[in-house]
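Participant: Assemble the dimeric complex from its two separately framed chains, guided by the hints.
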Amino acid sequence: MIQAPAEDVDATDGLVTRPVVELAGVSRVFGADAPVHALRGVDLTILPGEWLAIVGPSGSGKSTLLNILGLLDRQTSGTYRFDGVDVAELDDLKRAAVRGRRIGFIFQSFHLLPHRSVAENVMLAELYVGAPRRGRRERAMAALDRVGMTDRAEFLPTRLSGGQQQRAAIARALMGEPRLLLCDEPTGNLDSQNADSVLDLFEGLSHDSLTLAMITHDDHVASRAQRRVRIIDGVLNEVHTEPAASDERP
Amino acid sequence: MAVRDLLSECLASLLARPARAILTVIGTVVGVAALVATLGLSKTAGNQIVGRFDELAATDIVVTPKTGTTGRAQRTDALPWDAEQRARRLNGVVSAGTLTDVDLKGQLVRAVPVNDPQGQTQFQMPVKAASPGLFEAVRASLHSGRVPDTGHSDRADRVVVLGPNAAEQLHVTRVDNQPAIYIGDRLYVVAGILSGVERQPSLLGAVIMPEGTAQQDFGLQSPGSVQVETRVGAASVIANQLPVALSPADPTALKVVAPPEPRRVRQGVQSDLDSLFLLLGGVSLLVGAIGIANVTLVSVLERVGEIGLRRSLGAARRHIAGQFLVESTTLGLVGGILGAALGTLVVVGVAASRTWTPVLEGWVPIGAPLVGAVVGLLAGVYPSVRAAALEPVEALRASL
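Protein chains in written order, with our numbering: chain C, 8 to 257; chain B, 7 to 406.
These are computed hints drawn from the structure, not numbers from a lab.
Where is the CB? At the ideal position from N, CA and C, for every residue including glycine.
Heads up, some of the hints might be wrong.
[Stated by the list, open to error] Here are a few chain B residues that sit away from chain C, every Cβ distance over 10 Å (derived from the structure):
hint, residue
1, P207
2, D256
3, K261
[As the list claims (entries may be wrong)] Computed from the model, here is a short list of chain C residues facing chain B with C-beta under 8 Å:
hint, residue
4, N74
5, L79
6, T83
7, D99
8, A103
9, R106
10, R108
11, F114
12, L119
13, R123
14, Y135
15, V136
For reference, chain B alone in the conformation it holds in the complex (with noise of 0.2 Å):
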């Protein structure tokens, strides 16, 4: 028997009853969308959470020098002072700068003195020393005035940043009128307001001054650590390249707090993710698979007279089986190509709506139409078995 004409003849089995083999269709259609749906949908919420780590985790790392080794004397000054400028020398380093806790020594922090005998006027309250690239490593932004530069910290000069709460707290809320604030006996100018910060978020309560200063003033010892942002994807090479290039001497009295491998967690989020929905979707398929043998069954019982004519006219066994498996798998198929173009729109669909890329795998769309075949030609099996196991003087006695 030609293929063409066995192929023209499922085909015009199936278009006999149109409505039947749409319906038919529908659970293998469900099954298969659902199954490239979430493959395209773990795949594309799995890219977006990628994306948002890579915003700020993946690129920040915090370099402080190692406490409390064993057997050794703890180094506080690990770090050196131009430990800025070396971290920015390194390629992939977007900014750097030092952060630094200063030691008060019990001093409070309290703003121009206006009598309020109800009120509290002094602080206590977090002071540190920033280099100038900090602010910048930090992704600090402005609520007014500037930040300082490196000449305030060369001259020493007695100038702060306030965080935003530290702010609200000393009842400072411009700086045109050049507000000033005590730390202790000495009187510094507020030369800016921070709005906010993206890491590093103990700098909101905290008043900020130039390293310099703190040097002069306070007696900083060395920088308490270092932050850096770094390119994506840049950060594990970085990670591995700072603690030589910030103390070539002793690199392993270092600590180094490096973001994951990106890579590793889109592994992680996505397989979870995949597990869950394949299951959904190999269940739905499941359904279709039964959905598709129940209909070929009831269709094998109702062309029992068919049949019968068919092996009197020459058909042999293996043309009835045939037939009823090519049958089950082109209604596979065709539900497999509805179910993938189905799952490609929901999966373009949805990620409109939260406007991210949609992502799909190549040989998801290609696949889905031949795992919508198999599932039809697993169902037919046996339906045809049962079609080609018919006596045909028995079948013959049945009516068309």
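Bound-form chain C, shown alone (with noise of 0.2 Å):
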């Protein structure tokens, strides 16, 4: 397991460290006779460690970026090679497995089994990679614990306030240390407390070298992660930080 943290990545520019995710001219096109490109050519590395933010209005190809991303879609073209290896070469049910160890997603809404209770839905997250029943009740709790949970492990979700659930789910994400956690709008659902609960969340398992891709249509919370990418009509540009700009918001 690599484990660079992120300030050796700048240093070495990823001659030591493999990236995470590495998009060489990915594009994704839907429908035949009135052909919509979702995605054009977009070029994306992801380093172990870094929390990366996807920006961009509704409609902008961001979804689709992250279903390639989270291997949910394939590209129409272009290469995608996540942890090294180019995951156009591998079958359903490979795909499914990468799915399932080394990549955690979160949603925007939370995606929790109603008649579960917490501990439940997350000892979801080990069915299908595998792992042993024994100790998953244990290894879940310590996700829990991660996220500050564990006196909520027993409730049914639907008890629970909306930044309780999203800190559920990403518990659930948690299982099994993946190797990416995807964000979907995570705080699309929460008021402002809550989102900065969560985005607080993200900054410390960020500072664990943990790797996450965020996608927000807000500006505010992107300006949370420490790497902004925009997209815009499918096109992926770097946003360069510049520290004045995002202090400038309120």
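Facilitator: Set out below in structure tokens:
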């Protein structure tokens, strides 16, 4: 397991550290008769421990990008190397296995099963990855501990606040130590106080050298990330961080 | 994915909506219960019908001389006088006796004369000669008096037994005042009055006299028929042995009327009932399968978001298909178990209300849950394929 801190990555520029994500010229076209170009020649490299925000207005292609990053969708052209492996060569079964073992998903609407307790929802993460049943609850409790939710382990999600539900979902994504955490508008359904606490949590995870990719349309949320890219009409551009720009916002 | 994980996931999903699971299962419960109940009831009822046949018909053999054989003179003396003794020596014969019509040559039967100008006092009435064992062989029951024994026959005593209808016609109601009747000009003492017979109902209206008496008074040539009662199940064997035992010189001269094989009776009765009942059970099972398929399909459509989540957690298409298949199979299995229990209760209940013995093949209560499971499995195929075909990206757009 490569666990190089972000500073070292900058210095060595990926020579020592293998990038988690390498997109080269990735395009995604929907439909054949009247093709819609959701992504146009996207190049993107995400290094271990990076916290990347992907911003853009709705319909800009950021969801498509996230789906491709999460192996939920296949690009039309270009190459995608995840953890050094060209995933276009993997069949559906192997892609599902990579998704289950190395990628954690966090959704805007949390996606917690309403009839299962928080702990059971977290334990779902180990169902399809071949993890032993033994010790599963302990591992789930450890994940819940990382998000400060151990005292709510036996609650049903419907009895939790939005922020607590998102923390439970993050705990589920953390199970199995994923290489990449993909967050789809993680604060979209939260009030600003809960949103901030979730972003604080991401910051902590990022400091623990977890790799995060987060899509959002909210510049304020994006400004919490260490690195930002903007996607407009399927074209991806790096946003060069100017500390003054983000500090201007209230 | 571990089997235990798969099973516990399915169980948790089903238990999350218990009311729906119960309602879904009802169709299968009814179908399997109908199947089990019909199989059990037809078996039970079939046994019952066979039991009734066994009582009388299956133990009843009548031997008569063959009549009108082509190219050969009719033999009237084919049966020997000791036919009763010969038949009784066979193993499996319970009782036997000879029965012969007596030709009165136009003589009438009348009671002791009472001068009644209005009423009829003389009757043309069947008179039969019986060996002592006949009364047992036809299961005659006595109203009063007694039946003649070997002594009466040997001495050619002039005694008779009256069938109940004959007794009524002749106004003989009791025997303790030693009533007598005339046959032609001869006087016969009425020794007994029958109250009923289970075989040879012609005896009910007849005057029955001992064989020896009929020989002496009416010149009887030979017994006209032999009535035999066998043990249950012995009829077919006895029917083969009787001609040789009764007429060793010419067994083919005798005609044996024996009951059909009991086993064939049973099969005939049951296959009729079974096919009808099984059809009904099959139709209810089909309805149950459609119910499971329907609800599982609705469940797939409702749980699109959950399917998306599971795909994001690393579930392959076959994991999704497997989960819905196992869920529908579990529903079918539970329906099968409940249906088997319910069907068995119905069989026992119906049998108890009719005081029958409930009969159920051993494989029925074991096979019924399996039938339910197969129904659930088949019903789940289409919904599972639909669930597995969902694209994760699309599925994740749905909320949970």
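Participant: A separate judgement is required for each hint: does it hold in the structure or not?
Facilitator: Each hint, compared with the structure:
1. With 10 Å as the threshold on Cβ separation, the claim that B/P207 sits away from chain C holds: the shortest Cβ distance comes to roughly 74 Å.
2. B/D256, annotated as away from the interface, keeps every beta carbon of chain C farther than 10 Å; the closest lies near 86 Å.
3. Its beta-carbon lying about 79 Å from the closest one in chain C, B/K261 satisfies the requirement of being farther than 10 Å from that chain.
4. The criterion of a C-beta within 8 Å of any C-beta in chain B is met by C/N74, whose closest approach is roughly 5 Å, and the hint holds.
5. With 8 Å as the threshold, the beta carbon of C/L79 comes within range of chain B, its nearest partner Cβ sitting at about 5 Å, so the hint holds.
6. Given hint, C/T83 at the interface with chain B, is violated; its Cβ is 14 Å from that chain's nearest Cβ, farther than 8 Å.
7. A distance limit of 8 Å between C-beta atoms decides the matter here; for C/D99 the minimum to chain B is near 6 Å, and the interface restraint holds.
8. With its C-beta approaching chain B no nearer than about 4 Å, C/A103 sits inside the 8 Å limit, and its interface hint holds.
9. For C/R106, the interface hint holds, the least distance from its beta-carbon to any beta-carbon of chain B being 5 Å, beneath 8 Å.
10. Taken as an interface hint, C/R108 checks out: its beta carbon lies about 6 Å from the nearest beta carbon of chain B, inside 8 Å.
11. Taking 8 Å as the C-beta cut-off, the interface hint given for C/F114 holds, the closest approach to chain B being about 7 Å.
12. Satisfaction of the interface hint for C/L119 is found here, the shortest Cβ-Cβ separation to chain B being roughly 7 Å, below the 8 Å cut-off.
13. For C/R123, the suggested interface contact is upheld, since its CB lies about 7 Å from the closest CB of chain B, less than 8 Å.
14. Interface hint at C/Y135: satisfied, since its Cβ lies 4 Å from the closest Cβ of chain B, which is below the 8 Å cut-off.
15. Because the beta carbon of C/V136 sits about 5 Å from the nearest beta carbon in chain B, less than 8 Å, this interface hint is met.
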